[in-house]
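Dock chain B with the ligand against chain A, hints included.
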Amino acid sequence: MALTGVEIFKLLPKTNCKKCGFPTCLAFAMKLAQRQTSLDKCPDVSEEAKRILGEAAAPPVRPITLGTGDKAVKMGEETVLFRHEKKFVNPTVLALEIKDTEDEAVQMEKVQAVLTSEINRVGQLLRVDAICITNASGEVERFETLAKTVAEKAPEVPVIVSTESPDAAKTVMGLFSGKGALLYGVTEANAEQMVPIAKEAKASVGVRADDLEALSALTEKVKSLGVEDIVVDSGARKAPEILEHNTLIRRAAIKKNFKPLGYPVINFVQREDPLYETLLAGLGICKYASVVVMSSAEKWKNLALFTLRQNIYTDPQVPMQVEQKIYKIGEPDENSPLLITTNFSLTYFIVSGEVENSKVPAWLAVMDCEGLSVLTAWAAGKFTGAKIANFIKESGIESQIKHRELIIPGYVAILKGAIEEKLEGWTVTVGPREANGLPSFLRQKVAA
Amino acid sequence: MAFTPPKESFRGRVYPVTIGTEVQETFGGENTLPFHRFEGEIPHRPLISYEIQDVPPQDWPEVVREPYSDVSDDPVKWAQFCQESLGAKSITLRLIGTHPDQKNLSAEDAVKVVTDVLNAVKVPLIILGSNHIEKDAEVLPKVAEASKGRNCVIGKAQEANYKTIAAAAMASGHKLIAMSELDINLSKQLNILITQMGFEKERLITDPMCSALGYGIEYTYSVMERIRLAALAQADPVMQPPMVADVGMYVWKIKETQASEQDLPEWGSLRERGILWEALTATTLMLAGAELLIMRHPDAVSLVNTFIDEMFA
Ligand code: SF4
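Protein sequences, first through last, are from chains A and B. Note that this note's numbering numbers the first sequence so that position 86 is 92, with each residue one more than the last. Note that this note's numbering numbers the second sequence so that position 37 is 39, with each residue one more than the last.
Hints listed in this document are in silico derivations from the structure and should not be mistaken for laboratory results. There's no promise every hint is true.
If we take Cβ atoms under 8 Å as the criterion, some of the chain B residues that face chain A in the derived model are [said to hold, decoys possible]: (1) PHE5; (2) PRO8; (3) PHE37; (4) PHE40; (5) GLU43; (6) LEU278; (7) TRP279; (8) ASN307; (9) PHE309.
Glycine is no exception: its CB is placed at the ideal position from the N, C-alpha and C atoms.
Okay, chain B solo, but in the shape it has when bound:
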């Protein structure tokens, strides 16, 4: 029996999304499944964005706090460190300090941090709220306006607050992350609602909600695979934005990245465990379709970069 390689091609294509101004990065744009360069085109590599935040990362575990210990008291220093010392291609600024349960910083505080960081670095910036529905609706429009023209990514718009956030992102010429909770239909619905406001679907990034390895990653994995198949095989235009995996935040709060080896000797070294957990969560979700990854630990990022290098060699 002769063997014919059962290669497959698709009608659909993921939109390429370009972010930044002075320095630009593009992700998405492929017409095939993740890393399937043997049967389709993947013009851009996945993009890894280093996560920093507006307030010192007190709730980050020691393993991931340590690399930033000299800079994390100041978001500007932190951003510069990522760009210069770590070679970050993009930076994600999470305005976690605006959360009412955190420092409850005001929109004005947030605007100042965003402006300072934007003035200090050239690489594209992703600006995320604190994931508090009302507060994000208050803060994100202000920071979107303050960063107008810088072609940032603003997020995350959710079903309960997308209107104000999407309107602001649109008016200020930014890209937008639309997040829904692990359901392909909800995700599609939200993208439709946002595009019905006049927001171009080519400027959207879908966040089907991330989960860490061991904490629901199989749900994120399958929702991502289904969204990607809808984009490629069914060529569904609202499912064609690239996808983001907000890896660091989900990984560095679970037990596996915090419990010491003394407490759980059968889990082995905490440092390797934490770094691996973040890297493996990231590569697994890339295999499901994520093109934009938000990550924390420099060693995890370099492991994932090596993996991407090998895939694109």
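Chain A with its partners taken away, still in its complex shape:
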């Protein structure tokens, strides 16, 4: 949590010597609080003050990068508990677990599933971000075989190395040295041996404890051993504990500025039933997980989780609008019907969804009304006969269709006359009031 100007002032020399370029220490403190100047401008500030101010300026949840290159993913840096306050920053990393006890064929299938998981959804490329290799056998050799396979077949995919055995870690980490891997499985018992291994491979450290108290102590220990890039696991595996621990960790970090828990959280949600596992992954996405480790990556599951993650991590402050243009629904041709609506994104989603449902290919003209719904836009004078006529003329749709018929939402039936007056040669047809009337409306229309 950022300090206030007065709090910062208390830490300054209070000599008003002006060397910082401000008339008083207080004035300088105020500017610092607003992040409009930097502390190094004051030559006389104490080491103690530097330390406190430096810590306060650090983000409440430490930023950590998993992987390197194009496929690297960022974690942490979150600043709020509820997405309406401010955008959630770094979307939850989805990781697929591969165990060294699984058949080689299964392991290969999973590597392939990750490599081919990429989907384009409304302009964003989404994928399973990481592979978590788990030393379930407890044997070094089997783990090494799996690690080699992954390093060779998926060299660019960020890797989580999961083992509590320093021997296994030592053998395997070399394969991922300098690749931004995460060495998970560091506990109170093995930290002294494990942390140097992570450090040598320039990896971050994933710690596991059995409760939040122990977890706090453990991160302090790892930090004292020289690694600060930490990802935390409270040991929660059941839904209520995942929710409780993730919430308390996020609150402690953000509201209490409690540094020992100011790290990204990793959740393990593996379950027998992939459908049910998806619900737990969804819990992680909504409630503060920076990494979710899963046991499978079916296509339908990926699609649902990518979508949820994208939705939860969108910027709530960006107005709910879609771009003004003529959208194609299906493969419309020169005879396909033309409908118009406003660019409130929900209106667009609902109307386009219903047109799609009708299975009638159509042109959907979406007009910029500053993100207002049809009725509100009409009431605000943004969805008027003249403006609609203008938009249709300028859109160029006239060169793409043969007919001259525009279907308008039933709520603004009143606009029919005004549009026809401004849009010469066109007929305006009044469509249904609610979008759910569109399928039957459109089907009748093309049948006629």
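Below, chain B with the ligand without anything else, positioned relative to chain A:
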């Protein structure tokens, strides 16, 4: 640095709402955020209500039509199937056939279906109109009267038609769903207007408008979170009714629950995709505050029930 769990408690509490007569169900009543049993009381689990409708579900996609193929030609059989075979704790009867663009069934037709269904099942009934402003204002008062004394939920009252619907729900002793379009202020305003008519706020259920995963769920999610925070942290009495998420209707009309795997191989199996879409939309909205969920697919319902079981274990 010693760790003190930063638990939070709130001044406000969500009203508990009990529905039904012979068999009753209660939802709401908590004084903490969704599933936050570690720091507050949640006396009741969220309630899932199975959606059926007055006319055969021709526009439902195959995946969700199939489980009801033997019963969905008759709302009475359908309701009984939900109660007996699926163990439904509540049933939602949507009078979609009354919509002028559908079959334009009359209020009398609707009364008959409602009465028949009420006579056939014991679990609490939620009765929804077709979401056509004028038609709902005509149909819902009649069905409210016909089901008088059965402690049903009637919906949905909206800004343009709440007066007649709320008056009827009040006169017949029902609970009422008040729906507004994804805006906390509109939602508050509508609840105020309805309570100003003398309708008790403890009998209201707020519907901030549902959206499916991928189709605006983040708006519903945040409006729900804000309403819930207003109820708990600010203890705003008009924001304290429980919330409903009308999940099935919004989920089973989008592309993700309809497009075949042949058409979109990168989306995987349609059956799992559809069921998951409904279940994940439901759990996500429960995490935002919904206590009443209206759902369609039996497998999605059981997934969500497993999730609730785990949360309350
Ligand atoms: S340089 Fe430092 S001590 Fe001097 S006025 Fe600025 S803040 Fe105060």
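A quick look at each hint next to the structure:
1. For B/PHE5, the shortest C-beta to C-beta distance to chain A is roughly 4 Å, which falls under 8 Å, so the interface hint holds.
2. Taken as an interface hint, B/PRO8 checks out: its beta carbon lies about 4 Å from the nearest beta carbon of chain A, inside 8 Å.
3. A cut of 8 Å between beta carbons decides the hint on B/PHE37: the least distance to chain A is about 6 Å, and the hint holds.
4. With its C-beta approaching chain A no nearer than about 4 Å, B/PHE40 sits inside the 8 Å limit, and its interface hint holds.
5. Here the hint on B/GLU43 is broken, as its CB sits about 14 Å from the closest CB of chain A, past 8 Å.
6. A hinted interface residue such as B/LEU278 counts as satisfied when its beta carbon comes closer than 8 Å to some beta carbon of chain A; here the least separation is about 5 Å, so the hint holds.
7. Checking B/TRP279 against chain A: minimum C-beta separation of about 6 Å stays under 8 Å; hint holds.
8. Hint on B/ASN307 is violated. Least Cβ distance to chain A is approximately 11 Å, over the 8 Å limit.
9. For B/PHE309, the suggested interface contact is upheld, since its CB lies about 5 Å from the closest CB of chain A, less than 8 Å.
Violated hints, in rising order: 5 and 8; the structure is consistent with all others.
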